[in-house]
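Residues 94 to 232 in the numbering used here are what the sequence shown lists, from first letter to last.
Hints may contain errors.
[To be verified] Pairwise CB distance ranges (calculated):
1) S187 with L207: 31 to 37 angstroms
2) G226 with A185: 35 to 41 angstroms
3) S101 with G135: 20 to 26 angstroms
4) L207 with A147: 15 to 21 angstroms
5) G218 with E140: 24 to 30 angstroms
6) D151 with K181: 18 to 24 angstroms
7) V189 with A126: 18 to 24 angstroms
8) E117 with E162: 27 to 33 angstroms
9) P125 with V228: 34 to 40 angstroms
10) G137 with L207: 18 to 24 angstroms
11) P184 with A147: 15 to 21 angstroms
12) G190 with D102: 34 to 40 angstroms
13) G124 with E164: 32 to 38 angstroms
14) G218 with G115: 21 to 27 angstroms
[Stated by the list, open to error] The list that follows gives simulated cross-link-like pairs (lysine to any residue, SDA-like), each with its CA atoms no further than 20 angstroms apart:
15) K181 with E158
16) K181 with S154
17) K181 with E209
18) K181 with A204
19) K181 with G124
20) K181 with N171
21) K181 with F169
22) K181 with D206
23) K181 with A195
24) K181 with A144
25) K181 with G226
26) K181 with R196
27) K181 with G170
28) K181 with E112
29) K181 with R231
30) K181 with M134
31) K181 with L207
32) K181 with E168
33) K181 with S155
34) K181 with S222
35) K181 with R210
Calculated from the structure, these hints are not laboratory results.
By construction, the Cβ of each residue, glycine as well, lies at the ideal position given by its N, Cα and C atoms.
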Amino acid sequence: MSEESTRSDPAGLMRAVIEARGAEETMRFFGPASVYDLSVMGVGVFEGYDAIRALLDDWGSSYDEEEDEAEEITEFGNGVVLADIRGKARPAGSPVGVLVTARRYAVAVWADDLIERITIYREIGEARSAAEGLVAERG
């Protein structure tokens, strides 16, 4: 893909998808051929708009409150972005004030303002290596 196909600001788009609230708002960043890869987390790979929407609906129903924040977003070029994400959530039915927290790293490939593929990693080194590999592959 050419740099022209990623004409928008991938880092800004990444921040917007992280800050989106709810499946409906989040889904505007995914297209019919998008892939959401959570295999490193043991959840699986979700291909296509409908599968990703079902994942987000299911995920959202597990929490009464959920908020993600981008600590840092790094643009590698060619539409490849790495985000350091900190999340906190209150599991469904738990008392107010009970929160779980998680840190994860998302590597996304953007084209024409949509996520082509997003993969979630547990370790920054693994995520950075994946992002560098994608840039070289798309070069």
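Status of the hints after comparison with the structure:
no., hint, in the structure
1, S187 with L207: 31 to 37 angstroms, "holds (34 angstroms)"
2, G226 with A185: 35 to 41 angstroms, "holds (37 angstroms)"
3, S101 with G135: 20 to 26 angstroms, "violated (32 angstroms)"
4, L207 with A147: 15 to 21 angstroms, "holds (18 angstroms)"
5, G218 with E140: 24 to 30 angstroms, "holds (27 angstroms)"
6, D151 with K181: 18 to 24 angstroms, "holds (19 angstroms)"
7, V189 with A126: 18 to 24 angstroms, "violated (40 angstroms)"
8, E117 with E162: 27 to 33 angstroms, "violated (20 angstroms)"
9, P125 with V228: 34 to 40 angstroms, "violated (25 angstroms)"
10, G137 with L207: 18 to 24 angstroms, "holds (21 angstroms)"
11, P184 with A147: 15 to 21 angstroms, "holds (20 angstroms)"
12, G190 with D102: 34 to 40 angstroms, "holds (37 angstroms)"
13, G124 with E164: 32 to 38 angstroms, "violated (27 angstroms)"
14, G218 with G115: 21 to 27 angstroms, "violated (32 angstroms)"
15, K181 with E158, "holds (8 angstroms)"
16, K181 with S154, "holds (15 angstroms)"
17, K181 with E209, "violated (26 angstroms)"
18, K181 with A204, "violated (29 angstroms)"
19, K181 with G124, "violated (27 angstroms)"
20, K181 with N171, "violated (31 angstroms)"
21, K181 with F169, "violated (27 angstroms)"
22, K181 with D206, "violated (27 angstroms)"
23, K181 with A195, "holds (6 angstroms)"
24, K181 with A144, "violated (24 angstroms)"
25, K181 with G226, "violated (30 angstroms)"
26, K181 with R196, "holds (9 angstroms)"
27, K181 with G170, "violated (29 angstroms)"
28, K181 with E112, "holds (12 angstroms)"
29, K181 with R231, "violated (33 angstroms)"
30, K181 with M134, "holds (17 angstroms)"
31, K181 with L207, "violated (25 angstroms)"
32, K181 with E168, "violated (24 angstroms)"
33, K181 with S155, "holds (13 angstroms)"
34, K181 with S222, "violated (26 angstroms)"
35, K181 with R210, "violated (24 angstroms)"
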